[in-house]
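Sequences listed follow chains X and F, in order. The UniProt record's numbering puts the first residue of the first sequence at 1, with every later residue one more than the last. The UniProt record's numbering puts the first residue of the second sequence at 1, with every later residue one more than the last.
It is possible that some hints are incorrect.
Claimed, not checked - Have a look at the derived ranges for each label pair, beta carbon to beta carbon: (1) F/Leu-116 <-> X/His-253: 26 to 36 angstroms; (2) X/Arg-190 <-> F/Gly-150: 46 to 56 angstroms; (3) F/Val-121 <-> X/Ala-320: 49 to 59 angstroms; (4) F/Trp-176 <-> X/Leu-21: 48 to 58 angstroms.
Claimed, not checked - Only part of the chain X face toward chain F is listed, based on derived beta-carbon distances under 10 angstroms: (5) Ser-11; (6) Val-18; (7) Met-26; (8) Asp-238; (9) Ala-329; (10) Leu-337.
Bear in mind the hints are in silico, worked out from the structure with no lab data behind them. Glycine is no exception: its CB is placed at the ideal position from the N, C-alpha and C atoms.
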Amino acid sequence: MKTNAHATLASILRWLGVVALPAVLMLSFLWAGGWLTPSRLTQAAMLDALQKGGGMQSGFRRNHAKGICVTGWFDGNGNASILSTATVLQKARVPVIGRFALAGGLPYQADAPGKVRSMALRLSPSDGQEWRMGINDIPVFPVGTPQEFHDLQLAARPDPTTGKPDPARMRAFLTGHPWLQPAMVQIGQRTVSSGFGDDTYYSLDSFLLVAEGGTKTAIRWAMVPVQPAVPDGSHANDHDYLFHQIIDDIHAHPLQWRLMVTLASKDDAIDNPSKEWSQDDRQIDAGTLTLTGIESEENGACTGITFDPLVLPKGIMPSADPILPARSAVYMRSFYLRSGEHPTAPAISHEMTIPSANAKDKKS
Amino acid sequence: MKTVASFALPSRVLHWVMAVMILAMLLIGVSMASTVGADYDRLVALHRPLGSAILVLAILRLGNRLHTPPPPLPRDLPPVMKLGAHASHVLLYALMIALPLVGWGMLSAGAYPIPLLGQSVLLPPILPHDPMLWAWLRWTHTVLAFLLFGVVLAHIAAALFHGLIRRDGVLRSMLWREKP
């Protein structure tokens with residue numbers, strides 16, 4: 001009897017041995033994939049929040065869905081080359097594919113002065129050391145962490161009955177996040193320019209320039225228009241007035257922006273894009289962006305590109321800003337999802353981007 | 001007689017080095033595909049060179065396998081188990097080679113730069129820029145990764161079954177050389 005019991009026990013233990021290691025690996029896999037920690041913020045949760053907060057249309061970007069493709073070039077002037085080995089910052093011209101867009105997931109939304117505008121760029125030097133950026137016309141980012149971004153999207157989601165954010169829910173978010181108050185005020189009080197072409201776009205997130213010897217310099221940057229900024233004025237009751245305007249502008253003449261690099265001073269927050277930097281920071285004019293072409297997303301080169309802010313050349317690195325990896329991850333998933341879907345025709349069609357006969361007459 | 005000849009030393013070294021790399025790769029992959037955390041870009045930056053190394057080692061290993069056949073399975077192993085062993089090994093080799101290639105191809109089709117080891121070395125694209133193809137390959141990469149993880153778990157369970165239940169020398173043949 002006793003030996004029998006021993007044999008049974010030994011057999012059970014051996015079978016446990018067979019099962020134990022695969023079971024531990026299975027649990028590790030589930031844990032790594034976030035399935036055992038439902039409270040952990042995932043890419044899926046972030047996309048879900050974006051959809052609730054800003055809307056979603058199959059086949060389009062999950063944010064900044066209404067846009068238009070542009071092309072041109074960037075002339076580095078070498079002024080920042082002492083701080084970074086990036087080829088795009090040397091004295092050279094590189095081709096650019098870009099995109100102007102409105103924030104939000106709805107590709108057919110109406111243009112309006114208060115809506116956040118963005119510029120996205122891919123600078124492609126011949127050595128393959130690409131620099132991509134998605135930059136916005138707000139002075140600071142409204143939040144400092146991915147969780148705050150997620151919660152803000154949910155707080156700002158439109159009430160199904162009114163179609164507008166529920167003021168009580170927004171108030172609750174702001175009361176719960178008093179440290180975001182200055183950023184909200186700065187965004188709310190920003191000067192709104194007349195259109196995409198005379199707007200200033202900010203990196204918001206911080207990055208590190210890496211010099212030849214390895215010295216790192218924390219920076220933010222902005223694309224500052226060379227053409228004079230005109231304050232937002234009266235515009236016809238036009239659903240797409242911002243896009244009509246940028247189409248006409250680029251057909252009339254090239255548009256230019258200066259790449260103004262701001263170097264962090266001692267008290268500037270490197271890891272929090274909701275914090276404004278000192279007004280006294282040193283700035284470097286690192287080059288000039290020139291945009292000469294404009295195309296609908298139907299056939300434009302920007303459509304198949306995700307402007308992931310972590311596609312960086314050698315010589316530029318991400319800072320510890322937690323928004324950056326979250327953006328990179330969510331952009332990847334948005335690009336993955338929309339690329340597998342069949343988009344409807346974009347709001348800004350190919351026909352709208354063709355120079356009108358009228359405009360041609362004016363030019364000649 | 002329960003004696004199974006051991007794998008040659010190069011085969012054993014390749015097996016265990018790759019075992020660690022592939023398990024790490026699967027955990028890194030499933031983690032980076034879900035997280036929005038601070039480690040996301042570091043995990044991605046690790047995933048690419050590790051995957052490239054697995055591809056190179058898997059091709060070396062396939063050559064080694066064809067050059068140095070593995071010791072035969074025990075003669076008394078039921079035919080169903082023999083079939084399972086062979087089929088799973090074919091699948092493991094196919095996935096070890098296909099997964100990195102699909103990953104490389106999907107980044108190519110998505111027009112992502114593919115840096116290895118910092119940003120100095122860029123892998124060239126192996127497919128044209130095509131967003132539909134990117135989406136399809138991105139999906140395929142996930143499906144194949146889940147399949148590989150499943151086959152790896154079955155492989156480990158089978159090895160432990162040989163070692164602890166059948167005690168037929170198959171597990172030992174990958175661990176150390178039998179003293180003559």
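Structure-based check of each hint:
1. F/Leu-116 <-> X/His-253: 26 to 36 angstroms: violated, 43 angstroms
2. X/Arg-190 <-> F/Gly-150: 46 to 56 angstroms: holds, 52 angstroms
3. F/Val-121 <-> X/Ala-320: 49 to 59 angstroms: With Cβ atoms ~25 angstroms apart, the hint is violated.
4. F/Trp-176 <-> X/Leu-21: 48 to 58 angstroms: Given range 48 to 58 angstroms: violated, Cβ gap about 19 angstroms.
5. Ser-11: This hint holds: X/Ser-11 lies near chain F, its Cβ roughly 8 angstroms from the closest one there, short of 10 angstroms.
6. Val-18: Status holds, d = 4 angstroms.
7. Met-26: holds, 6 angstroms
8. Asp-238: violated, 31 angstroms
9. Ala-329: holds, 5 angstroms
10. Leu-337: For X/Leu-337, the interface hint holds, since the closest Cβ of chain F sits about 8 angstroms away, which is under 10 angstroms.
When each numbered hint is compared with the structure, violations occur for hints 1, 3, 4 and 8.
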